[in-house]
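Undergrad: Here are the chains, one letter per residue:
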Amino acid sequence: MEGSGVVTVYGNGALTETTKKSSPFSVKVGLAQMLRGGVIMDVVNAEQARIAEEAGACAVMALERVPADIRAQGGVARMSDPQLIKEIKQAVTIPVMAKARIGHFVEAQILEAIGIDYVDESEVLTLADEDNHINKHNFRIPFVCGCRNLGEALRRIREGAAMIRTKGEAGTGNIIEAVRHVRSVLGDIRVLANMDDDEVFTFSKKIAAPYDLVMQTKQLGRLPVVQFAAGGVATPADAALMMQLGCDGVFVGSGVFKSGDPAKRARAIVQAVTHYSDPEVLAEVSCGLGEAMVGLNLTDHNVERFANRSE
Amino acid sequence: MAVVGVLALQGSFNEHIAALRRLGVKGVEIRKPEQLLTVNSLIIPGGESTTMAKLAEAFNLFPALREFVQMGKPVWGTCAGLIFLANEATGQKTGGQELVGGLDCTVHRNFFGSQIQSFETELLVPELVSKEGGPETFRGVFIRAPGILNVGPDVQVLADYPVPSDQVLSSDSSVEGKKENAEEANKVIVAVRQGNILATAFHPELTADTRWHSYFLKMGSLVEKEASSSIVPEQVTQVSTSFKQPLQHDLPIFQ
Numbered sequence: 001m002e003g004s005g006v007v008t009v010y011g012n013g014a015l016t017e018t019t020k021k022s023s024p025f026s027v028k029v030g031l032a033q034m035l036r037g038g039v040i041m042d043v044v045n046a047e048q049a050r051i052a053e054e055a056g057a058c059a060v061m062a063l064e065r066v067p068a069d070i071r072a073q074g075g076v077a078r079m080s081d082p083q084l085i086k087e088i089k090q091a092v093t094i095p096v097m098a099k100a101r102i103g104h105f106v107e108a109q110i111l112e113a114i115g116i117d118y119v120d121e122s123e124v125l126t127l128a129d130e131d132n133h134i135n136k137h138n139f140r141i142p143f144v145c146g147c148r149n150l151g152e153a154l155r156r157i158r159e160g161a162a163m164i165r166t167k168g169e170a171g172t173g174n175i176i177e178a179v180r181h182v183r184s185v186l187g188d189i190r191v192l193a194n195m196d197d198d199e200v201f202t203f204s205k206k207i208a209a210p211y212d213l214v215m216q217t218k219q220l221g222r223l224p225v226v227q228f229a230a231g232g233v234a235t236p237a238d239a240a241l242m243m244q245l246g247c248d249g250v251f252v253g254s255g256v257f258k259s260g261d262p263a264k265r266a267r268a269i270v271q272a273v274t275h276y277s278d279p280e281v282l283a284e285v286s287c288g289l290g291e292a293m294v295g296l297n298l299t300d301h302n303v304e305r306f307a308n309r310s311e
Numbered sequence: 001m002a003v004v005g006v007l008a009l010q011g012s013f014n015e016h017i018a019a020l021r022r023l024g025v026k027g028v029e030i031r032k033p034e035q036l037l038t039v040n041s042l043i044i045p046g047g048e049s050t051t052m053a054k055l056a057e058a059f060n061l062f063p064a065l066r067e068f069v070q071m072g073k074p075v076w077g078t079c080a081g082l083i084f085l086a087n088e089a090t091g092q093k094t095g096g097q098e099l100v101g102g103l104d105c106t107v108h109r110n111f112f113g114s115q116i117q118s119f120e121t122e123l124l125v126p127e128l129v130s131k132e133g134g135p136e137t138f139r140g141v142f143i144r145a146p147g148i149l150n151v152g153p154d155v156q157v158l159a160d161y162p163v164p165s166d167q168v169l170s171s172d173s174s175v176e177g178k179k180e181n182a183e184e185a186n187k188v189i190v191a192v193r194q195g196n197i198l199a200t201a202f203h204p205e206l207t208a209d210t211r212w213h214s215y216f217l218k219m220g221s222l223v224e225k226e227a228s229s230s231i232v233p234e235q236v237t238q239v240s241t242s243f244k245q246p247l248q249h250d251l252p253i254f255q
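Residue numbers (the UniProt record's numbering), protein chains in the order written: chain A, 1 to 311; chain B, 1 to 255.
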């Protein structure tokens, strides 16, 4: 490969703008910034994508099976059929995201070729590489990656992720893991912010994250990219909880289309994210939503922890 | 000191508030119609215009927004905000979306295509430079950006961008009308002003350059002078039932 043995230089060749080959990190993060305060919903066909758009989702995630079904049916979960993703893309005007397996850079290349807006390198799909994630600097499309703690988040950002989400525990309708991960990331940032500069070296080593990004996080007082919550959001209250904890937005997977009245619930979750700190609005939108998705208890031994699949 | 309202339904409202803060101006989040009464100028940020339209509809913001624009108070829309302010928009979702209107132009939603066609470029901005000084160009960040296809006679064009006629077409062939426009014009308008309405297709809030914000604030102060004796709107209770507002930290600006 080019420049063999040389550590990646950021903004490398930034002056050759006209080649249109490179996509600056600002543009990659830019779309994530436009999604802030919004809800991204998992959809499996064009019809669901339209329901999500009508409800006010700021983007949709195109999938073959929602996480709850992946759990129930088992087997290997892969990238969706590009045909399906194209159909969904044609049905809506909002951004369309799609999932690729962790480490499966060819799936990501295919998603880039069909002009998807964002790739989710997701632990919900079966792993393709146990050790390595995709080198996301090689792509012009932006990536979102999951994390359980600060170290994992910063490792993904160093690999080129332009947006971070918590892993939570997808397809369970149980918010506990997402809360754990958000608290872990934000708690560590609060500790870091109060740390002496001399201690940051050892802290970086401890969380196994690149020193420069740890230092940047310390100075900003937040992750240097947009941070969403994901995994287990099933009600408007769950979504508002994530926002009040300090996330920039929310992913809803099985929570919408595995519930009794998807259109109504989707709308309620979107409104709850906008008015997350206003309990009166939250109460109003939470009324009469029909049945929520069936939840899974994580103490049950049959429940696989997707979040622990990658580091 | 004047406060500027920032429509905070969804999108880059935090970035706008941060940019205003760099200029020493306070930005307040506007989520409900009654909150509009407390401000004299408004920024409609970037984001997903369909999402913002749905939320504005759900909380009955459209009548208040239209009134705000008609009163001649300064309003600035970036990206999705530009779509909001346009009198006409093409390339919308099935069933269309509600607009605030007021700006006499036709906007094409997602003119530049999807994320892979998003880009940044140095734009020539003569009007801005004549008022605010600084470098000849402005770093325009275009994220799934709209383009202005045509404008009415009262609209002043502040910036445009050359479109290689083959580039736009590949993105979405299903949208009729785009082809002819791209070919005959070869230039798409990306920033306009009509009276007290300012609109940009790109995102000045994502850059460190605050000249557009300062330009907008000056539009605001002009109006304040004219109507200084007008009734001060009664301080509507700022819906302070807010339980937990996480400390807002700003994202870095990527150069």
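Just to be clear, a hint being listed does not mean it is correct.
What the hints assert, rightly or not - Once the Cα atoms are required to be at most 20 Å apart in a straight line, the calculated SDA-like pairs of lysine to any residue come out as: (1) 93(B) <-> 149(A); (2) 93(B) <-> 286(A); (3) 93(B) <-> 54(A); (4) 93(B) <-> 205(A); (5) 218(A) <-> 32(B); (6) 86(A) <-> 132(A); (7) 218(A) <-> 93(B); (8) 32(B) <-> 284(A); (9) 218(A) <-> 211(B); (10) 93(B) <-> 263(A); (11) 264(A) <-> 211(B); (12) 131(B) <-> 211(B); (13) 32(B) <-> 286(A); (14) 93(B) <-> 284(A); (15) 86(A) <-> 94(B); (16) 264(A) <-> 59(B); (17) 32(B) <-> 278(A); (18) 93(B) <-> 191(A); (19) 93(B) <-> 84(A); (20) 131(B) <-> 195(B); (21) 205(A) <-> 149(A).
Rather than coming from a laboratory, the hints here were simulated on the basis of the structure.
Quick caveat: nothing in here was measured; it's all calculated off a predicted structure.
Undergrad: Hints first: check each against the structure and report whether it holds.
TA: Right, here's what the structure says about each hint:
1. 93(B) <-> 149(A): Violated, at roughly 38 Å.
2. 93(B) <-> 286(A): The given pair, whose Cα atoms are some 27 Å apart, is violated under the 20 Å limit.
3. 93(B) <-> 54(A): holds (9 Å)
4. 93(B) <-> 205(A): violated (49 Å)
5. 218(A) <-> 32(B): Cα-Cα ~35 Å, so violated.
6. 86(A) <-> 132(A): Distance ~28 Å between residue 86(A) and residue 132(A) Cα, so the pair is violated.
7. 218(A) <-> 93(B): Given that 20 Å is the threshold and the Cα spacing comes to 42 Å, the pair is violated.
8. 32(B) <-> 284(A): holds (15 Å)
9. 218(A) <-> 211(B): violated (29 Å)
10. 93(B) <-> 263(A): Between residue 93(B) and residue 263(A) the Cα gap is close to 17 Å, so the pair holds against 20 Å.
11. 264(A) <-> 211(B): violated (42 Å)
12. 131(B) <-> 211(B): Between residue 131(B) and residue 211(B) the Cα gap is close to 9 Å, so the pair holds against 20 Å.
13. 32(B) <-> 286(A): holds (18 Å)
14. 93(B) <-> 284(A): violated (28 Å)
15. 86(A) <-> 94(B): holds (16 Å)
16. 264(A) <-> 59(B): With a Cα-Cα distance of about 15 Å, the restraint between residue 264(A) and residue 59(B) holds, given a limit of 20 Å.
17. 32(B) <-> 278(A): holds (11 Å)
18. 93(B) <-> 191(A): Outside the cut-off at roughly 45 Å; violated.
19. 93(B) <-> 84(A): Judged against 20 Å, a Cα distance of about 19 Å means the pair holds.
20. 131(B) <-> 195(B): At roughly 16 Å apart (the allowed maximum being 20 Å), residue 195(B) and residue 131(B) satisfy the hint.
21. 205(A) <-> 149(A): Holds, at about 14 Å.
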